Each structure stands twice: as structure tokens, then as C-alpha cells.
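Construct the complete structure from the given sequences, taking the supplied hints into account.
Protein chains: 2
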Amino acid sequence: MKKLKRSARLVEMTQYLLFRPHVLIPLTTFADQYNSAKSSISEDLAIIKEVFEDEGLGELQTLAGAAGGVRFTPKMTKAASLRLVEGLCAQLQQTERVLPGGFLYMTDLLGQPSIIQDLGKTFATAFADEDVDVVMTVETKGIPLAYATASFMNLPVVLVRRDAKVTEGSAVSINYVSGSNKRIQTMSLAKRALKEESRVLIIDDFMRVGGTVRGMIDLLQEFNATVKGIGVFVESTEAEERLVDNYVSLARMTAVDPKTKQVGVFPGNYFDEKEG
Amino acid sequence: MKKLKRSARLVEMTQYLLFRPHVLIPLTTFADQYNSAKSSISEDLAIIKEVFEDEGLGELQTLAGAAGGVRFTPKMTKAASLRLVEGLCAQLQQTERVLPGGFLYMTDLLGQPSIIQDLGKTFATAFADEDVDVVMTVETKGIPLAYATASFMNLPVVLVRRDAKVTEGSAVSINYVSGSNKRIQTMSLAKRALKEESRVLIIDDFMRVGGTVRGMIDLLQEFNATVKGIGVFVESTEAEERLVDNYVSLARMTAVDPKTKQVGVFPGNYFDEKEG
Chain A
837 MKKLKRSARL VEMTQYLLFR PHVLIPLTTF ADQYNSAKSS ISEDLAIIKE
887 VFEDEGLGEL QTLAGAAGGV RFTPKMTKAA SLRLVEGLCA QLQQTERVLP
937 GGFLYMTDLL GQPSIIQDLG KTFATAFADE DVDVVMTVET KGIPLAYATA
987 SFMNLPVVLV RRDAKVTEGS AVSINYVSGS NKRIQTMSLA KRALKEESRV
1037 LIIDDFMRVG GTVRGMIDLL QEFNATVKGI GVFVESTEAE ERLVDNYVSL
1087 ARMTAVDPKT KQVGVFPGNY FDEKEG
Chain B
837 MKKLKRSARL VEMTQYLLFR PHVLIPLTTF ADQYNSAKSS ISEDLAIIKE
887 VFEDEGLGEL QTLAGAAGGV RFTPKMTKAA SLRLVEGLCA QLQQTERVLP
937 GGFLYMTDLL GQPSIIQDLG KTFATAFADE DVDVVMTVET KGIPLAYATA
987 SFMNLPVVLV RRDAKVTEGS AVSINYVSGS NKRIQTMSLA KRALKEESRV
1037 LIIDDFMRVG GTVRGMIDLL QEFNATVKGI GVFVESTEAE ERLVDNYVSL
1087 ARMTAVDPKT KQVGVFPGNY FDEKEG
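Taken in sequence, the protein lines are chains A and B.
Counted from 1, the first sequence has number 845 at position 9 by our numbering; the numbering is strictly sequential.
Counted from 1, the second sequence has number 985 at position 149 by our numbering; the numbering is strictly sequential.
Calculated directly from the structure, the hints in this document are not laboratory data.
Errors might be hidden in some of the hints.
Identical copies look the same in the list; a pair holds intra-copy or inter-copy alike.
[Unchecked claim] When the alpha-carbon atoms are kept at most 25 Å apart in a straight line, the in silico SDA-like pairs for lysine to any residue are as follows:
#, residue 1, residue 2
1, 1031, 940
2, 1027, 1003
3, 1031, 935
4, 885, 871
5, 1027, 945
6, 1095, 928
7, 885, 855
8, 839, 892
9, 839, 885
10, 841, 851
11, 1097, 935
Predicted model only: the values in this text are computed from it and were never measured.
This is the structure we're talking about:
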């Protein structure tokens, strides 16, 4: 058993906590690991807690008692998330991103792991108080966002496929109407991928009318699951009516002007002022 | 400007470095940020370096001189990677995972962000010495692995699609023969997704004959790109001949016995003893 100085212990404990979000760690784990008194460990944790809070990294909660310990909940301050999103909005408004059909090229931004991490941390903060069992998304572009969100919430990811793949065994499939082009499409989820009565957080990269998210909600009914939250990176404000209520969006885009290729992209409803 | 004690500074610097892999950080950044002498910062870094190395978290490299600074390279020791992979192999051998067609259900394991993170860190370690610009994968199941690998290497991810999507603009498509079922399939990559002459690391979840990876290699030729490495999570040892050489596999599975549903899963070539 190693005996560490406070300085080395602080480095070790910091990395240990950062890599184990939402896990309750008994103080005895640290005390045994570092061959230190619990009182020293408590002092270490007070230092770490203060820095984490000053830096807006998240909360370090200490639970007293026999079943007690310390738990790290990663958070991102709304101000930091807004800075990130405003930077992304400025980039997304560039007219060279406008593609035929009024779509917006954003694959390059979603290909940056550091951006994905911070967007995931923002979703994890937005839904931190919900009691969630799994994060769900549909292939393809929402996958990195869903994994980033799930990693900060210490949850597994469940992936809905656009067709039933042979490598996943028996599956439940539903048809749904894609809101944008009114085509009937299929999505399916392997039976063994989701326990009955799971509490689910849905994450996706883009929402126009909400047909895809609506499809996921309908699919979840087949598993008697409950939707505890919906988060989308960009919503289009083009649609007059949506098939989904109560979602969190991080950015909003207006309709693209097909002639001038002008498009407006603004922070989403997550940043709206709540009425007191 | 804040003036921090050493204890708080160590916590801050630890988290700062962990979140910025492969980035060269000048010592003046820390000195200015914490209003401390460079000599104190150097002492802090020596403590952090020792803990990171003892814990097998990675290397902290200090570069002297005017353009100098400190750089954190996340690594996972081969012993730690082997422990992880052996645990996964034991789970993958369960006969209830065998699906019709000799496939193996592994979606649940690949849905655990903590497993994905450690597999990504293993790939990042395996290819740490290669000069790579981007990590590439093909949809769908390799995506989380590719992002995890890329995040530890501080690189962007490029995603090859199974069909050209309207939301990505003009694309280069190729046909390739899927090794397993000899069907002709299509994959495509948006033109603006990859710069000419990029150096690419290919990551995927599964390889049997290697048709999909071979397809990615052929596609890369259209971009005058160079393949600097290929990493697959599980390779099947069933194929007599492969379309790909020089890849790193983390696990190997034997052919599935269709009657008994027995399958063997073992650590991959990354763990083979190299001949001296």
C-alpha cells in the first residue's frame, strides 16, 4: 500500500473523480488506497470541491453516514455553454454551408470531439435532475452527441437503427412519417437492447418537424418505456407545427433563403429566459 | 488574476491537462493564470508527471526553450488494456450472444461509454507514434470507437456513409464487395469532409474478410490520402485470406459452431508477443 503526500493525493483524486462521474465513492476507498486518515481525505475533497466549483467543472457532493461518500456530477455553466453555442452559431451562419434543399453542412463541427464533449456536457447539465436509465439516439449523426451525453451521466447508450440489422437479433420495428419530406420510413430497436419500463433520454443532432423523434417516442411505447427528456442540438424554426413538445434545443436555425443562401442560427430554447 | 495555493493549483492543472490531450501548453500560460513563478509551475508539473506515470494515465512531456511547454499524451498500459479485453472476451463468449448467421451480439458492450473510452484510449496508445491528421470510420457501430480514439489523440473524425446523404453536399462514392456475403455495396464521403493528402487512421468495430476496410482504403485513394494505421476491435479468424494487412486488432473470435453455439473470443494481435 502506497503512502502519498497530499500533493500527489490531490492529483490522483482529481483524475479519479473526473473519470467516474455520478459514481458514489466511499471515503474509505480513498483512505485505504492512499493509506491516509479519513480526515485528511475530507480536507483533500474540500480543496477539490472548491476548485471544481470555481472552474465550473461540476459539483462534488459529500454524503455523510455509513452509506456515504463523495460523488462528482459534471456540469457546464449556462454562461460557458452559451459561449460555445454562440461560437458555433457564428460558424453555422456562413453561406457556404447551405446545401441544396435548404440543409446546412455541420458535419465538420460535429466531427470535432472537443465540441461534441462540451455539447454532451451541456445536455448532461440540462437533464441532470431527471432520473434516467439510458440515453437513446437514432443513427447516424446523433451518435457522438448521445455518447458524450451518456458518458457525463454514467449511462449506457441505446441505438435505434434505420433498418433491422442481422447482427442484433430479433427487433421491434415501426413505421413513421419523416416530417420533412413526408416519406414513410422504418426504424427498429433490438429487443435485447432495452429493458422494459426504462426511463429514456432522447438525444439527436437535428429536428425540423420532429418526425424522427416522434418515431422514437412511439417505438419506446412498445417497450413500455418512459421518455424523461429530449435534447436536440439544432432545431429548425421553419416548421409551423411540431410533432414533439417539451424538448431542449441548443441552437435554432431559420429557413434558408434559397436565392441569397442566407440563414440565421441563434442559441436555442435552453438559453431562453425563464419567466419567474 | 487569482493567486492560488499549490494544492488548488495542482487540482486545476490536473484537470486542465486531462482535458487537453496532445496540446502543447506553454508554462507561461499556467504562470500567468495562477500568478505564480515558472519555477513553482515546474515543480507542480513534476508532481503531476509522477502521479500520471505511476497510475498509467499517460506521459507528461516537458519541452524546454522559447517554444517549449508541457504536453499530455494519454496512454493506457498494455497490461491495463489486456485486463479490459480479457474481461470483454469472457463476456463475448457467452453462447446466448450467438445470433443467426454466426454473428455475435456485442451492441450492449459497445453501448457502455466507459468501455468505449478505454478501447479508444487503447487505440490512441497503439497509434501514438503515427503522424495522423484524422480518424475515419464508416457508419454505424464503429462511430463511438472512432470518437473515443480521436478525443484521446486530439483529432477530428471523418465519417464515411453507406449512402450519399443530401445534408453533406457533393460526395465521392465507390462500390466495394462486402467480404462476408459478396454483395456489392456503396460507400461515400463528402468532398468537403476530408482535405487532399490527409494522413488517416481507420477505426472499425468488426472485421471478417476486410471488405469494408478495403473499401475505405480505396475511397481514400480518391482523396490522395495516406492510411497511417488500421484498428479494429474484433477480428474474425474465420476468413482464410484477408483483403487488408497491417491492422491492429484488440480481440479475435473463432467461427461460431452453429449447432452448439460455441464461440471462442481471445485477445487480438495487439497483445501478441513481438519477436525480438
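Problem - Contradicted hints - numbers only - result: none
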